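Top to bottom, those sequences are chains P and A.
Note that this note's numbering has the first sequence beginning at 1, numbered continuously upward.
Note that this note's numbering has the second sequence beginning at 1001, numbered continuously upward.
If you're looking for bench data, these hints aren't it; they were derived computationally from the structure.
This one's a predicted model, so the numbers in the text were calculated from it and none came from an experiment.
Please note: incorrect hints may appear among the correct ones.
Some chain P residues judged to face chain A by a derived CB distance under 10 Å, without partners named [as the list claims (entries may be wrong)]:
(1) L302
(2) L326
(3) D337
Note that CB positions come from ideal geometry on N, CA and C, so glycine has one too.
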Amino acid sequence: MIATLGGFTLFLALGVTLYAAAASVLGARQGREDWLASSRNAVLAHFCLVTLAIFLLEYALITSDFSLRYVVNNSTRESLTRYKIAGLWGSLEGSILLWEWLQSLMAVLVIARYSDRGPSGCRQLMPYVQAVLQGISVFFLLLMTFAVNPFARIFPIPPDGRGLNPLLEVTDMLIHPLLLYSGYVGFSVPYAFAMAALITGRPTEEWLRITRRWTVVAWLFLTGGIFYGGWWSYRTLGWGGYWAWDPVENASFMPWLTGTAFIHSVMIQERKRMLRVWNLVLVTVTFSLVIFGTFLTRSGILGSVHAFAEGPVGVMFLAFLALVLLFSFGLVAYRSDQLKGHGELDSIVSRESAFLLNNLVLVGICFTVFLGTIFPLLSEAVRGNKISVGMPYFNKVSVPLGMALLLLMGIGPLIAWGRASLNNLQRNFLKPILGAAAGTAVLYVLGMRHVEALAAFALCFFVIGTIIFEFVVATRTRAGTMGETFLTAFGTLLLKSRRRYGGLIVHLGVVIAIIGIAVSSVYKVEREQTLRPGESLTVGRYTVRFDGMEAGERPTHILVWANLTASQDGKPLGELTPGQRFYPNQQSPFASVDARYHWSEDLYVILSSFERDGSSATIKVIINPMISWIWIGGVVILLGVIVAVLPERRLALLTSRAKAQAA
Amino acid sequence: MSWKKALIPLACVPLIVLLAYGFRTDPKAIPSPLVEKAAPGFRIAVYDGDSLSLEGLKGKPVVLNFWASWCYPACYEEAPLLEATWRKYQNQGLMMVGVDIQDKEVDGREFIARFNFTFPNGPDPGSKISIDYGVYGVPETFFIDRQGRIAYKQVGALSPDVIEEQARAILEEK
């Protein structure tokens, strides 16, 4: 019953979506307000139908309705309810449904946000924005109707399901995919606005202003998803790392890079009316990379730990990608005459120039990551060689570019627009440069000799210096002129120039994360040893004693673990229990990592292997200094974005309340 | 629109063509560096039999097949072929050995009984043999000639044509 109802709901949604797209375009062209109103209703109906489909599939999952193939493949009767719910996005069909649901939600939010209250320019763009958004939905609905139906039946009905992949039966599964998908789908909105601007022939600054906040919020989710993915990988997978340059990890990183470039270059377009074509291209490339990313996971053309399945899906995704690229760039070419900018660079030593360089570096990193990702394919096509491109290439290429980016992060916010005078440069940068030199000298004296780490730290100190400098000077000035206390001045600054100071907080978060990455990579220590009960392994200041093996049954698997006692400099730290999970349907066990996480360094322990009679166990101990700074940096980035994106009405309320309290 | 402007969207076409080419390749098919090299030696404890070593089979052509009871459907598809080929050529001096990898003994024996395997099969504790042969998944089959060199490696289920052709090749070459 659910299968029929679900399939029908999606089919109906497809029809409604096609209608919404058509009514939008025709209504705009004929000037028929009633058709436009009807198309808006259709967008709402589309969302309701897809929501119904989600409810149906979730209901089937939670009640373990094994007449649906998807439920069989993604849950078992014994699974905890929250993993049955997460089974919705556990594999291909459901993940497409989730994506489409988010896409339909975006369309509704766009109507809600912009339909009546927006500036007049909006109203002309809106029908085409909706047409593009609905068009994207048409693709995903077509996928589900004709290729990968989440409501496909299975016969005979098996007594139990095969279950979610055991690696996914963790709380992280409830968060990571949702964050990422929100980011990916969020980027379709600026894309739709850009296309609408090109279609209507109004490719001016309006679409930028309208969608800037959307882009930043989508970026927020994507950033959160990427950091969370690294954190999940680190805590759960048991290889001690957080980023492997896997094709699908790269697929999330590339749109992030172009998205970041876009967020910066819009500031130049706003001020100087330059870079119009560049920004349109960036937005298109960001969205195309999003589609490219999902194409990679679902087409089977590249091997990856994240890969889903193969079949007609890959071909359909490629066709859609081709359509997006040809359509978007065709429009850009068509409107290229109207897109010529008005501004010019006054000087190379200026904020515009710094932003341009920032864009070049970000796009440069994106290009190298892209090349590395598709290189195996390129190599096989051109030379017939099967090769794989891994960490060495990506690290070698991204580290120097990352350093360049760090430098720009310090210079950009403080250097003057237009032409920076020598006075301006000296005033803003002298102290941070001195501070950076001093800080680096201190590190050198304390024993740090690794050249790249020293260089990274020097740049990080420089950036932190500029951020602190900016905050302190601005706060002091304000406190002085307004007669406020330092704290009040600081708070008001944050709220009044939230874009600027939110941005600075984001930069601070990035620097913290980079410090974490640099130190944990360079100074990581690893030791593996086979121990008998009572024996210990010493790494650095830590000693880990093996006390014995234990095993126990869990709802979906058998857990075997080693009991370890850890101590630091002789002081006991507590127990650690790294283990392995044995699932009935899987031939090899999955690692269950245990660690002592600390802001200064992590003590990370893996159970590599063990004797069945418990007579010995092979333990690997990894010390990751300052790796928590990566996650802390991620949180600071998120806080910074929230500050930057706080809506104006709430801001006015807060400041008036603050004034009332002060009075 | 002038043709120069049309270049902009058309610039995307080579990328799309490259990605389309990707559908014809298999990222999981890894070429084996062992082909035409000496086959790594092994010793296997045959179920209901003695132990068997590659050295003891010197001078004979050997078909070495890696399988598992949980390897569905590929191992189930090729199992009858293996037994049939064994029965056909064992009198001519062909040797066939099956290695049951990462499996439970009770399931392995059930698999052997189901397909009436009469050639020697045994487990691979510690996956030593699989590691030496670079086995990536199951099933994989190695055709070893009389000189102890790997003549051919098959990844995935064998088809009647391939097993016939390769078995003949190692039998007939001097």
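Comparing the hints with the structure gives:
Here the hint on L302(P) is kept, as its CB sits about 6 Å from the closest CB of chain A, short of 10 Å. Interface restraint check: L326(P) against chain A, minimum CB-CB distance 5 Å, threshold 10 Å, status holds. Proximity of D337(P) to chain A holds as hinted, the smallest CB-CB distance being about 9 Å (cut-off 10 Å).
Hint compliance for this structure: every hint is met.
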